[in-house]
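Trainee: Based on the provided sequences and hints, a complete structural model is requested.
Protein chains: 2
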Amino acid sequence: MGGESEKWVLMVTARTPTNIAVIKYWGKRDETLILPINDSISVTLDPNHLCTTTTVSVSPSFDHDRMWLNGKEISLQGGRFQSCLREIRARAQDVEDEKKGIRIKKEDWQKLHLHIASYNNFPTAAGLASSAAGLACLVFSLAKLMNLKEDNSQLSAIARQGSGSACRSLYGGFVKWIMGKEDNGSDSIAVQLADEKHWDELIIIIAVVSARQKETSSTSGMRDTVETSALIQHRAKEVVPKRVVQMENAIQNRDFPSFARLACTDSNQFHAVCLDTYPPIFYMNDTSHRIISCVEKWNRAEGTPQVAYTFDAGPNAVMIARNRKTAALLLQRLLYNFPPQSDTDLDRYVIGDKSILEYAGIKDMKDVEALVPPPEIKDNLSTEKSKGDVSYFICTRPGGGPVVLSDETQALLDPLTGLPK
Amino acid sequence: MGGESEKWVLMVTARTPTNIAVIKYWGKRDETLILPINDSISVTLDPNHLCTTTTVSVSPSFDHDRMWLNGKEISLQGGRFQSCLREIRARAQDVEDEKKGIRIKKEDWQKLHLHIASYNNFPTAAGLASSAAGLACLVFSLAKLMNLKEDNSQLSAIARQGSGSACRSLYGGFVKWIMGKEDNGSDSIAVQLADEKHWDELIIIIAVVSARQKETSSTSGMRDTVETSALIQHRAKEVVPKRVVQMENAIQNRDFPSFARLACTDSNQFHAVCLDTYPPIFYMNDTSHRIISCVEKWNRAEGTPQVAYTFDAGPNAVMIARNRKTAALLLQRLLYNFPPQSDTDLDRYVIGDKSILEYAGIKDMKDVEALVPPPEIKDNLSTEKSKGDVSYFICTRPGGGPVVLSDETQALLDPLTGLPK
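Chains S and V are the protein sequences, given in the same order. In terms of the working numbering, the first sequence opens at residue 1447 and continues consecutively. In terms of the working numbering, the second sequence opens at residue 1447 and continues consecutively.
Honestly, the hints are just simulated from the structure, not real lab data. Warning: the hint list may mix true and false statements.
Pairs count within a copy or across copies, as identical chains cannot be separated in the list.
Said to hold, decoys possible - Below, simulated BS3-like cross-link-like pairs (lysine-lysine); rule was C-alpha separation at most 30 Å, straight line:
#	residue 1	residue 2
1	Lys1824	Lys1518
2	Lys1743	Lys1474
3	Lys1812	Lys1595
4	Lys1831	Lys1518
5	Lys1824	Lys1812
6	Lys1831	Lys1800
7	Lys1474	Lys1688
8	Lys1809	Lys1545
Keep in mind it's a predicted model, so treat the numbers as computed, not measured.
Mentor: Here it is in structure tokens:
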């Protein structure tokens, strides 16, 4: 261990995307190692709109490991954090920063303490897989700090132990989490199927739906499903393996109709096995159902899917439009059916990639109010509008994987004190 | 054919109960004959609260078959009505009414026309299996009119062709619809597992839930499920056969915990396969979900099931309480969570067997307003009350099978004209 004094702070800042599964992960075969009962496939979301930024720092002056999430100190005592920290420390290498005159030998990492600050550029509580991005970012940034030799796929097996779906956030574009066969989980890793440029017309619109009830956590929910559902094993063993192959092909061939059909049916089946759990788990609510009806009616009217939808363990809808034009038409439909409350600013009701809003010809609330019913709506009974059922929409697209931010101004910790800025 | 003049009218009036499945029927293997892909089990509901009354009449003066439902003339041209009429006419026997001096030979039934009037003592549109009671009553009353030799089980095979679940309304108490093996459907019949006196402590409370969206008809819904769900065959072949055996035992032994667990999980699984259908079918809504949560929380707090719930192809909850006392406690919880709208009369908000209301110590709206949260509710977040989510409650119990009403004043047709009274 070195440096002129013991006051040095060494740090790394990284940014990691969140991801949305299009073939769902639900059910573990090993609770501690977080090994799933089936493969899953996800799309990485553009980190410009949804990501976690994490600064990890080490200093001989730190006397214990500490972490701040969105500015608030949180406990690192949880088993999952500890698993990740232990796995990474075990793989730490010698680190030398000539400029700062710092040398850390690999055995020193067991004694040195860490400060970690993490920040989500989207609401943590909105049910947008913040833990996936967060754990992936923690593992990725620590791996850089400690100079690990492992590639992202190997790192994904560590992130997996923090939060299952976190392993898929180690890559951009289209990612497959291979369930693996080994008892120790070494082959339960993420691999990239295609990068985000492979299919770059896709546009993603997320409806953040106002929830009325507290949701079942996905950890306890999937445990209950595995223990009580009479359908989950059939899904995992018979249905998903075929869908994974079909989804890989759909992505490879940019076959949107197949992609959409698989994404929608797999999301629905995941919620079906939740309902088949005892007691039953409901993640979707009436607003989620209305969003599905809106998309299904349109897809049916067009004769071929324009938009896919998928829902994670909450009521939020993630909709994937085949291109910019359909995304604009989708946004018009969504704003027609789910207008903002009167006192909401359009600018805060549709966030992320605002160009979709422009493309849809919507500049202000007057344009929203002037929207006419889409042609596929025939009976006005089903078009009851309710303001406030959706909190806001995020427009985004498939995006890239984790990156190190070398610009020190983006660090979340003070380079001198190692405390949050 | 005889009588002094050709002006005679011969008629029969019968009353038939509705039923609620506790092991669900969902999916046909033959659309025309209405042959199911699995056995199902139901509880017959007390006809004093939910039933169809039908008067069937024949006269040489009628020039075509006519039918009135709840006072309004409807078409008899539908394939399902025609199937039932054809099957019954084919089995018609000689009929003699000495008092009226009427003689009808069995071959005459092919030429004679019928007038039929049917009346539900509950709202037809409320999604309370009105077609089951209606078709069962049609078949039962015609069988009496035409002097059929077939027993109720054989009649059930005819009613089945009008509406699948109608076959289970030919018996009171606890009824099993055996799916059968024959291609012609002759062995797809209902049998009584136990009569209504076998387990007479059970009390049933139905929440008629206000629906926002038009529902998918069960005919097209189950067809879509069979065609698109990846889980329905597993349910029909692997899950239901075991549950049917378990449910028969639970009924035989009056084992309420097993009965409740099976009824709840099977209802949930039926809705799960609806969700696994493409496009997905949602019959339950947020109110249905809240009713389930309310029951599940209470059952969990008590350590053993107090109440079972089951939902058919709509948002209405049918709750089965283990006895009168739990029914009263359930009704208190339901009225606490789902109070009537301010302008609703309690007398019209809780209908059917009013003694449950008395037993619960609720005499008027002031008593409803004075209800305190049940002890199992700890977080007030989940106890958001919304007036108007439930239209009304019906208190009832398991009840008896079809009966002929010999009192002519109960007939729905005028004995002289054969037209609705």
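Trainee: All hints are to be evaluated individually against the structure, with a verdict given for each.
Mentor: Against the structure, the hints come out as follows:
{"no.": "1", "hint": "Lys1824 to Lys1518", "in the structure": "between (50 Å within a copy, 28 Å between copies)"}
{"no.": "2", "hint": "Lys1743 to Lys1474", "in the structure": "between (35 Å within a copy, 26 Å between copies)"}
{"no.": "3", "hint": "Lys1812 to Lys1595", "in the structure": "neither (56 Å within a copy, 72 Å between copies)"}
{"no.": "4", "hint": "Lys1831 to Lys1518", "in the structure": "neither (38 Å within a copy, 34 Å between copies)"}
{"no.": "5", "hint": "Lys1824 to Lys1812", "in the structure": "within (24 Å within a copy, 44 Å between copies)"}
{"no.": "6", "hint": "Lys1831 to Lys1800", "in the structure": "within (23 Å within a copy, 38 Å between copies)"}
{"no.": "7", "hint": "Lys1474 to Lys1688", "in the structure": "both (19 Å within a copy, 26 Å between copies)"}
{"no.": "8", "hint": "Lys1809 to Lys1545", "in the structure": "neither (51 Å within a copy, 84 Å between copies)"}
Hint compliance for this structure: hints 3, 4, 8 are not met, and every other hint is.
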